[in-house]
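Below are the chains, spelled out letter by letter.
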Amino acid sequence: MSTQTQERSTDAAETLLSVRNLSTYYSEDEADIPVRAVDGVDFEIARGETYGLVGESGCGKSTLGLSLIRALPPQGDIVEGEIRFEGREIGQLPKSEVKDVQWADISMIYQGAQNAFNPVKTVGAQIREPLRVHDIVPEDEREGRVRELLEKVNLQPDVAEQYPHELSGGMKQRAAIAMAIACEPDLLIADEPTTALDVIVQAEVLNMLQRLQEDLNFGMLVISHNLAAIMKLSDRIGVMYGGKIVESARAETLYDAPKHPYTALLLRSLIDPRRPPDQVETIEGTPPDLRDPPTGCRFAERCALATQECRDGEPPLESVGEAHETACFHHEEVSEL
Amino acid sequence: MSPESTATPTETSEEPILEIRNLEKHYVKSTGWLESLFADEERVRAVDGVSLSIEEGEIFSVVGESGCGKTTLGKTLLRVIEPTAGEIRFKGTDLASLSGSEMQEMRQHLQIVYQDPFEALNPKRTVRGLLRQPMEIHGITDDEEQDDRIHRALEDVNLLPAADFLDRYPEELSGGQLQRVLFARALVLDPEFIVADEPSSMLDASVRARVLDLIDELREERNISFFIITHDIGAARYLSDRIGVMYLGRLVEMGAADGIVDDPKHPYSKALIDSIPSPDPREPLGSSGIGSEVPEPVDLPSGCRFHPRCPIATEHCTEVDPEWREVPSEDDAVRMTECHEVEPKQTPSE
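Chains A and C supply the protein sequences, listed in that same order.
Position one of the first sequence corresponds to residue 0 (numbering that gives the first Met the number 0), numbered consecutively onward.
Position one of the second sequence corresponds to residue 0 (numbering that gives the first Met the number 0), numbered consecutively onward.
There could be a bad hint or two in this list.
With a Cα cut of at most 30 Å, we get these calculated DSS-like pairs of lysine-lysine [said to hold, decoys possible]:
id, chain 1, residue 1, chain 2, residue 2
1, C, K28, A, K120
2, C, K269, A, K151
3, C, K344, C, K269
4, A, K98, A, K120
5, A, K98, A, K151
6, A, K151, A, K120
Heads up, incomplete: computed chain C residues facing chain A, CB under 10 Å, no partners named [as the list claims (entries may be wrong)]:
id, residue
7, A84
8, L211
9, P283
Worth flagging that the hints you see were computed from the coordinates, not collected in a lab.
For each residue, glycine too, the CB sits at the ideal point set by N, CA and C.
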């Protein structure tokens, strides 16, 4: 799968999404000092590729996802940069045109989607909604299409007549996936698709996303703090810290030889039941305040390799190998950490 | 083991801190009045005969899917909800025999820490207010005593310097810090036993290990015993001495934490562990192989309650309920399970 990706990503014509220098800030009002949740991010996703975004809470990964589908809360604003989807700039589209993109071109499984269903409408009525808005399927065929979608996510077709409270958490998450693929989008954003589900349901949801992607060939952006899940699903992974992508590489490369100290620590902090507990390390300290981020490298304060150079200036994201970029002045020393 | 050795003073002094026998919590499912005239009431067997004992200073985790009864078990063993049947002994005292006021008194020693810090903490109270509240309830009203306990608790959960946190509101704290406040809230009462419901599930990987380390530190420094409820088997292994695996109201396997994860005996334990993805991207995604729909513990299947989902069930399993018995394991620890397909441990005398 990764060799395919390599071919795909080198072919510019197959780029599905391209994000350049994207910055999204939050502020309550004009006088407020903005929170620089996403602060100058570049990356792209090829058609049919899965890109994983991993990082701690507050690193900006969900904000990045919400920026792409233009579903930011009112306090959030894309202040700079461009988002090109199939060559078309969508970062500055007026609200009225954004609706054409949502669901049909780009859809999203929102964080906590299983709790976002309207309690007084049947599941079927809610899955039908994007079909109606985009008028993709004629009205008299929508019913059948909904049942088909439910079968795709291993739910009984008669779940369409049920209300959300009648379903388990795992069933609701599958219904949310059915809704997200209803209009056959080219890009699916999945924000924490397994958080708050128990292990058996997690495995089922991950397998399902993988299978649907193989069947339908959509590009996928998976956002999660669950490093193991991200490693499994993704062709390439971006590691986010303090509003920036600090490292990006193919999953295998990142797992074998991370070149950013934060990635290395993230991998070591992973509690994998098959690994003896004494090999787990913790990352001390807290992420930077994104209202007033440090001048230099944002990770310097927590980093064992940091020198004066790191505090004085910001390391750029640079190529350190094939399809491998990192933003660290000391990337050659990371393997010795 | 010779009869003499069981009577040595060290053995008798190691009385478990908490011991439960055949604990049950059944609910009557509400049905319409007409239905109730003609049908027997439906009983939900949330906890259906659980026996276990926890040693002083031990960390015991119970794992299982949502709906397996683990949270109900945690609450029932502190009488936060009343058991339907069975015995709960805390340091030898039968909790079920205590009156309401005696139980209230006892509760200082037995604390429960709930899973979602965002929901469990009143957003309108400062950390100081949140930590005072349980002391007021338990009649610790002296200002100096309160301040002393608050400082000690905040120090023990590493919210330092404590003075910096006293006047903060929940919204000013991170998820990891809130989780620490929840623990501090239990600590001000100086408990001996804490039930913690999903202490790490809401947290990021990087913070998760630190919160789990905190639990271990509290055990070391304050000699607190813990009963951890979690679906996170990684966390359970990282933290616990022993793990119990629960399915439809019953323990199906129990043993040393490393042993349960490295060498599970019961097919349900195996399914749980197989479903956890390894971080190595080259390895295939795991799968439980048993589907994800947990039956409701109402009309329990005949025989083994796991048989409808079990990949190795035989005819016998559909008819006869398996016995809870000791089975051989590679570690030296006692391994208990209930499965017809796992050979029991041979006792040397037979």
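Each hint, compared with the structure:
1. C:K28 x A:K120: Answer holds: K28 of chain C to K120 of chain A is near 25 Å, not above 30 Å.
2. C:K269 x A:K151: Judged against 30 Å, a Cα distance of about 27 Å means the pair holds.
3. C:K344 x C:K269: Holds, at about 19 Å.
4. A:K98 x A:K120: 22 Å, holds
5. A:K98 x A:K151: Roughly 25 Å separates the two Cα atoms, so the pair holds.
6. A:K151 x A:K120: At roughly 21 Å apart (the allowed maximum being 30 Å), K120 of chain A and K151 of chain A satisfy the hint.
7. A84: Because about 28 Å separates A84 of chain C from the closest Cβ in chain A, which is outside the 10 Å limit, the hint is violated.
8. L211: Holds - the Cβ of L211 of chain C comes within 10 Å of chain A, reaching about 8 Å at its closest.
9. P283: The hint holds - P283 of chain C has a Cβ within 10 Å of chain A, the shortest such distance being about 8 Å.
The structure fails hint 7 only (numbered hints given earlier).
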